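Peer 1: Just so you know, the sequences run in chain order A and B.
Residue numbers for the first sequence follow the numbering used here, so the first one is 1 and each next one is one higher.
Residue numbers for the second sequence follow the numbering used here, so the first one is 289 and each next one is one higher.
To be clear, the hints were calculated from the coordinates, so they are not data collected in a lab.
A quick note: this is a predicted structure, and the numbers were derived from the prediction, not measured.
The reader is advised that the hints may include incorrect statements.
Keeping only pairs whose Cα atoms sit at most 27 angstroms apart, straight-line, the calculated DSS-like set for lysine-lysine is [claimed, not checked]: (1) B:Lys-456 <-> A:Lys-200; (2) A:Lys-273 <-> B:Lys-356; (3) B:Lys-456 <-> A:Lys-116; (4) B:Lys-451 <-> A:Lys-272; (5) A:Lys-200 <-> B:Lys-356; (6) A:Lys-273 <-> B:Lys-456; (7) A:Lys-68 <-> B:Lys-469; (8) B:Lys-324 <-> A:Lys-92; (9) A:Lys-204 <-> B:Lys-324; (10) A:Lys-288 <-> B:Lys-307; (11) A:Lys-242 <-> B:Lys-436; (12) A:Lys-143 <-> A:Lys-92; (13) A:Lys-272 <-> B:Lys-324; (14) A:Lys-68 <-> B:Lys-447; (15) A:Lys-27 <-> B:Lys-324; (16) A:Lys-268 <-> B:Lys-469.
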Amino acid sequence: MKYAYYPGCSLHSTGIEYNMSTLAVAKKLNVELEEIPDWNCCGASAGHTTNHLLGLALPARNLAIAEKQGLDVMAPCASCYNRMKTAEVAVKSSPEIRAKVAEITEMDYAGNSGVKSALEVFLKEVGLEKIKASLVRNLGGMKVAAYYGCLLVRPNGIGMDDPEDPMTMDDMITALGGEAVQWPFKTECCGASLPTARSKVGLKMVNDILQMADISGVDAIVTACPLCFVNLDMRQNDLNKKAGGNFNIPIFYFTELLAIALGEKPGKVGVKKHFVSTAQVLDKYNLK
Amino acid sequence: MQPINLTSALAAGKDLVAKVQTASGVDVKACYQCGKCSAGCPVAFAMDYTPRQVMRMLQLGLAEETIKSRAIWLCAQCETCSARCPRSLEPAKVMEALRIEAKRAGFEADDEIATFNEKFLRSVASNGRVFEAGLIVGYNMATVQPLKDAGVAPSMLAKGKLKLFPSKIRGRDVINRMFTKAEKMEADNK
Numbered sequence: 001m002k003y004a005y006y007p008g009c010s011l012h013s014t015g016i017e018y019n020m021s022t023l024a025v026a027k028k029l030n031v032e033l034e035e036i037p038d039w040n041c042c043g044a045s046a047g048h049t050t051n052h053l054l055g056l057a058l059p060a061r062n063l064a065i066a067e068k069q070g071l072d073v074m075a076p077c078a079s080c081y082n083r084m085k086t087a088e089v090a091v092k093s094s095p096e097i098r099a100k101v102a103e104i105t106e107m108d109y110a111g112n113s114g115v116k117s118a119l120e121v122f123l124k125e126v127g128l129e130k131i132k133a134s135l136v137r138n139l140g141g142m143k144v145a146a147y148y149g150c151l152l153v154r155p156n157g158i159g160m161d162d163p164e165d166p167m168t169m170d171d172m173i174t175a176l177g178g179e180a181v182q183w184p185f186k187t188e189c190c191g192a193s194l195p196t197a198r199s200k201v202g203l204k205m206v207n208d209i210l211q212m213a214d215i216s217g218v219d220a221i222v223t224a225c226p227l228c229f230v231n232l233d234m235r236q237n238d239l240n241k242k243a244g245g246n247f248n249i250p251i252f253y254f255t256e257l258l259a260i261a262l263g264e265k266p267g268k269v270g271v272k273k274h275f276v277s278t279a280q281v282l283d284k285y286n287l288k
Numbered sequence: 289m290q291p292i293n294l295t296s297a298l299a300a301g302k303d304l305v306a307k308v309q310t311a312s313g314v315d316v317k318a319c320y321q322c323g324k325c326s327a328g329c330p331v332a333f334a335m336d337y338t339p340r341q342v343m344r345m346l347q348l349g350l351a352e353e354t355i356k357s358r359a360i361w362l363c364a365q366c367e368t369c370s371a372r373c374p375r376s377l378e379p380a381k382v383m384e385a386l387r388i389e390a391k392r393a394g395f396e397a398d399d400e401i402a403t404f405n406e407k408f409l410r411s412v413a414s415n416g417r418v419f420e421a422g423l424i425v426g427y428n429m430a431t432v433q434p435l436k437d438a439g440v441a442p443s444m445l446a447k448g449k450l451k452l453f454p455s456k457i458r459g460r461d462v463i464n465r466m467f468t469k470a471e472k473m474e475a476d477n478k
């Protein structure tokens with residue numbers, strides 16, 4: 001199984017653990033990844049809310065390069081996945097948009113190469129049965145809340161799972177021997193760039209999610225988005241200092257828990273780079 | 289709110305409403321005001337007009353009020369409204385189109401979010417990728433809060449999560465041209 005790999009900007013900086021753990025999982029599961037040469041930023045939300053065509057053209061250039069590689073794309077970041085999927089659907093559904101995008105990118109993207117999230121590639125394409133057969137250790141009943149956020153599951157026609165009650169990561173937690181905690185904030189928005197651009201508004205949104213996880217009695221939250229990760233992990237300190245919070249909830253990328261269960265050393269997949277320490281919970285469940 | 293003459297409002301807002309409908313692909317008249325969008329909106333608590341109200345204002349021709357609102361900048365594009373709309377109307381796309389029109393008309397009610405987006409895209413236009421350290425410094429300077437989030441910078445650097453220099457792609461001249469061309473094509477089409 002082989003995919004063109006689109007790490008995106010975050011996985012080379014604030015989401016470095018997501019990159020480390022994604023590559024580790026790919027290796028364990030024999031998924032070959034060939035990075036898209038000279039890839040560019042997908043534009044994220046800033047792109048499409050500033051100029052509609054630019055919001056399609058930026059991801060389409062990467063898809064066009066992948067098409068030359070003859071491969072479908074795997075994009076771990078929720079926002080990159082969403083933007084690429086939006087461009088893929090738009091180009092496939094309209095010859096007019098395809099022509100406009102080709103004029104802008106100076107490359108024709110025909111829609112032959114598509115995009116899949118890392119959740120789909122690892123948990124659906126490779127699949128939980130094969131993963132279960134390859135497990136080296138299990139999560140020992142760790143209580144984990146799966147947090148999907150927005151862009152992996154919405155809007156309709158773009159999302160890779162149910163927009164209200166996605167189960168892809170919950171099923172993974174169960175398969176790895178953890179307890180997938182039922183909680184109502186699976187797809188509640190973390191505020192995206194609002195905790196940075198409008199911190200009062202954004203931090204309230206992060207606070208609500210963490211509070212709900214706390215009430216639900218979780219050991220950890222698992223996510224598949226680098227921006228959700230930063231907001232939930234790094235902002236706990238802000239909330240504890242400035243807003244009287246008392247949070248200490250470890251946040252994991254789904255690929256970190258998966259890599260660890262597949263036998264990778266936790267230190268190798270970046271869990272020591274988190275702001276909220278993961279040592280205690282990994283210790284408690286014998287996953288050092 | 290002042291009394292509004294709906295007959296003249298409808299006529300005055302007609303062009304802008306038409307532009308927003310074309311750009312978003314949403315027929316605002318089809319909204320039956322159930323309010324499901326606003327009930328689920330995670331940022332409604334901070335908005336001057338909720339998504340349902342924005343839809344209603346467009347129905348009434350109060351288009352200029354919507355592009356001057358803070359709501360369109362606060363919208364996080366989480367798409368909850370679009371996923372839940374029983375009329376499949378995608379209010380998030382309306383918010384996107386309103387932002388683009390607001391920028392064209394020179395109304396950027398929420399400077400912080402508009403500035404953040406602008407700095408983000410400028411970084412992409414010059415490097416081909418986002419340079420996060422440069423983005424935060426540029427954003428903090430532009431919004432006069434030089435030390436915002438500065439406390440986390442040393443540990444981000446130590447963790448290898450922040451780079452001091454941008455990663456520039458070879459095709460950045462293409463990316464730069466893409467910005468110019470996209471801008472021109474949308475301007476020609478409006």
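Peer 1: State for each hint whether it applies.
Peer 2: Here's how the hints hold up against the structure:
1. B:Lys-456 <-> A:Lys-200: violated (33 angstroms)
2. A:Lys-273 <-> B:Lys-356: Violated: Lys-273 (chain A) and Lys-356 (chain B) sit about 42 angstroms apart, past 27 angstroms.
3. B:Lys-456 <-> A:Lys-116: This hinted pair holds, its Cα atoms lying about 26 angstroms apart.
4. B:Lys-451 <-> A:Lys-272: holds (18 angstroms)
5. A:Lys-200 <-> B:Lys-356: holds (21 angstroms)
6. A:Lys-273 <-> B:Lys-456: Satisfied, since the Cα-Cα distance of roughly 25 angstroms is no more than 27 angstroms.
7. A:Lys-68 <-> B:Lys-469: Holds, at roughly 23 angstroms.
8. B:Lys-324 <-> A:Lys-92: violated (31 angstroms)
9. A:Lys-204 <-> B:Lys-324: holds (21 angstroms)
10. A:Lys-288 <-> B:Lys-307: violated (58 angstroms)
11. A:Lys-242 <-> B:Lys-436: This hinted pair holds, its Cα atoms lying about 13 angstroms apart.
12. A:Lys-143 <-> A:Lys-92: Violated, because 41 angstroms separates the two Cα atoms, which is more than 27 angstroms.
13. A:Lys-272 <-> B:Lys-324: violated (42 angstroms)
14. A:Lys-68 <-> B:Lys-447: Given that 27 angstroms is the threshold and the Cα spacing comes to 35 angstroms, the pair is violated.
15. A:Lys-27 <-> B:Lys-324: violated (44 angstroms)
16. A:Lys-268 <-> B:Lys-469: Not OK: Lys-268 (chain A) and Lys-469 (chain B) at ~43 angstroms, beyond 27 angstroms, violated.
Violated hints, listed in ascending order, are 1, 2, 8, 10, 12, 13, 14, 15, 16; each of the other numbered hints is respected by the structure.
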